[in-house]
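Student: What follows is each chain in one-letter form.
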Amino acid sequence: MIAIQGPSEQALASGRALTERLRARFAPVDPVVLVSSHRGGLVSLEPLEEHGSPDPPAGAPGVLPAASQGAIPGYASPLGPLLREGAARGAVAVAIVAAEAHDETIDWLERLLSPVLEGGVDFVCPAYRRHRTEGAINTGIVAPLIRTLYGQRLRQPLGTEAALSSALARRLLADEDWRRRPAEAGSDAWLVAKVLGSDARVAQAWLGAWPRPLAGPEDLGETLIRALGLVFGEMERSAALWQRTGPSRPVPTFGAEGFEPGGDGPDPARLFEAFTRGLRDLLPVWSLVLPPATLLELQRCAARPVEAGGLPDQTWARVIFDFSVAHLTRRVERRQLLRSLAPLYLGWLAGLAHTAATLDDAGFEARVEATAGAFEREKRYLIGRWRWPDEFNP
Amino acid sequence: MWSQTKITFLEAVQRITQTMARLLPGLLATILLTVFSAAVALVASALVRRVGSRLEVDRRLREWGMAPPAKVGDPGPTRFAARLVAGTVVATGFLVGLSVLESSATSALALRLLDYVPHLLMGLVILAAGVAGSRALERSVLIGAVNMGLNSARLLGLGARWLLLVLASAMALEQCGIGGTILTAAFGILFGGIVLALSLAVGLGAREVVARSLERRFQESERRDTPSSDQIHHL
Chain U
1 MIAIQGPSEQ ALASGRALTE RLRARFAPVD PVVLVSSHRG GLVSLEPLEE
51 HGSPDPPAGA PGVLPAASQG AIPGYASPLG PLLREGAARG AVAVAIVAAE
101 AHDETIDWLE RLLSPVLEGG VDFVCPAYRR HRTEGAINTG IVAPLIRTLY
151 GQRLRQPLGT EAALSSALAR RLLADEDWRR RPAEAGSDAW LVAKVLGSDA
201 RVAQAWLGAW PRPLAGPEDL GETLIRALGL VFGEMERSAA LWQRTGPSRP
251 VPTFGAEGFE PGGDGPDPAR LFEAFTRGLR DLLPVWSLVL PPATLLELQR
301 CAARPVEAGG LPDQTWARVI FDFSVAHLTR RVERRQLLRS LAPLYLGWLA
351 GLAHTAATLD DAGFEARVEA TAGAFEREKR YLIGRWRWPD EFNP
Chain A
1 MWSQTKITFL EAVQRITQTM ARLLPGLLAT ILLTVFSAAV ALVASALVRR
51 VGSRLEVDRR LREWGMAPPA KVGDPGPTRF AARLVAGTVV ATGFLVGLSV
101 LESSATSALA LRLLDYVPHL LMGLVILAAG VAGSRALERS VLIGAVNMGL
151 NSARLLGLGA RWLLLVLASA MALEQCGIGG TILTAAFGIL FGGIVLALSL
201 AVGLGAREVV ARSLERRFQE SERRDTPSSD QIHHL
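So the protein sequences, as listed, match chains U and A.
Note that the numbering used here numbers the first sequence so that position 333 is 333, with each residue one more than the last.
Note that the numbering used here numbers the second sequence so that position 183 is 183, with each residue one more than the last.
Just to be clear, a hint being listed does not mean it is correct.
If you want the footprint, here are the derived chain U segments under chain A, 3+ residues with CB under 8 Å [claimed, not checked]: (1) 269–279; (2) 330–340.
Per the computed footprint, the stretches of chain A lying under chain U, defined by three or more beta-carbons under 8 Å from a beta-carbon of chain U, are [unchecked claim]: (3) 61–74; (4) 140–153.
Quick caveat, the hints were computed from the structure, so don't treat them as lab data.
Virtual Cβ for every residue (Gly too), placed ideally from N, Cα, C.
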């Protein structure tokens, strides 16, 4: 059973094509394709085709209840209704795919579904070929953080798409969070935290070029609030688990990883200017969140040219950990806290953009790996700050 | 001579005694009311502290930036509110006590002060809300302006804070009946003056700067070879 997420007109077209492809490839499995509506909830293809409406009213036949918030702007995660519908129909696997056009030079659907249907994997997390500096919140914050917390190396943990086995779907559906925390349960971060925190067999699949949404990018501050709010929230709830997790290990990967060629990244000098401006003006707010040693290090970074690499990985890791602790202790109102992270992120992104402009793919990948490694090395710092946020303040 | 002096003295003592006897119940009532109000103040203060602690008022106010960060020796908003409540209750009790005294001047003064207490309290509440709101607004404007890439973010934040503070102060003073129409007029002139000054500054002095800034912004959004941070997908 597949839920398609995205603009309804696109989803409807993709739904018809997907049904045919699934029938051809995975026969005798009978595919069920549902469309995630803008208002949340799932709609089967038939009422959509019948009404010709992209968003049938809630309560109409074929419309399932509303879904919870997702990390991607504009899309609610349809996971909850999908799991319930999957369990009711006895689905062998459930998956969420984006309505946007995929990379048809590879069999992306096969890569996403076959590890679950034929390979005994419980959860497939997709990764995409993107321009090097694109999705930098995933590259520089979410992926290293998830890897440090849960010990599994997923390259792009927060995305719209995923494939789950029926066993994992049943386990997730039985989770108490659907009743206790309905607003968060079903979100992308919730799914990743639950799966990586369990003994589920996890894999990642490179699905080719990123299915680029038609809408332009969302405001950076709002993206940080949406994505990191979810991740930090899950971090808070699974604190007992991640404090015991050991070093990370790679997960089985299907398909070849890589970056989209071409595409100039943002200008590192302008990004770094945003960081220095933030350091000049937001110091009163950051001083509530960051310890004196980190603030001093940031001031040193601002005094150096951007060619020196922007924010060092260790400092960046500590900054993210300190923000996660401030999110926990509510030192600063959470939306304001996450919005105030934007200049720091741009400072780190300046270094990444400079690396992207000067190194080849292998060099850039090594830089990304070094950032993730720094997060893991600083885990003891995170645990110390998490347990004693006021006392352990170096 | 001696007997006349004695009579005058005795009459004086008698008058004093009579006056004392007449005033004593009122005085006793004043003392009793003050003591009672002190007891009520203690209970009210403890109640405010408990509610504040239960609702984590201090933490919430600090979280929103409405109260400054905790420092050693700083009582914090809840303790300050508890002290204010206690002081108000004691003062009100004392004024009620004064009003029962059989002295027309004292009673009239006490009654006028009692009438004034609600206005004063409301004024204080408005001022406190204004101070708290102005701090929160300053932080919000500051973060927003920095993220928009404005160079004068701190100035904007400070400006927003002081505008709200001036507005709250004017409202509080008007509530307390201080200044009358002069205050309203002065506030109108000050506020209008600030807006006019800003308009003139932008319209005349910084016209070219604004034009260049807008031009640069539009050019940047059209320039696709070097996308800015708000033109790439961060997630």
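Student: Hints broken by the structure, by number, lowest first?
Tutor: none
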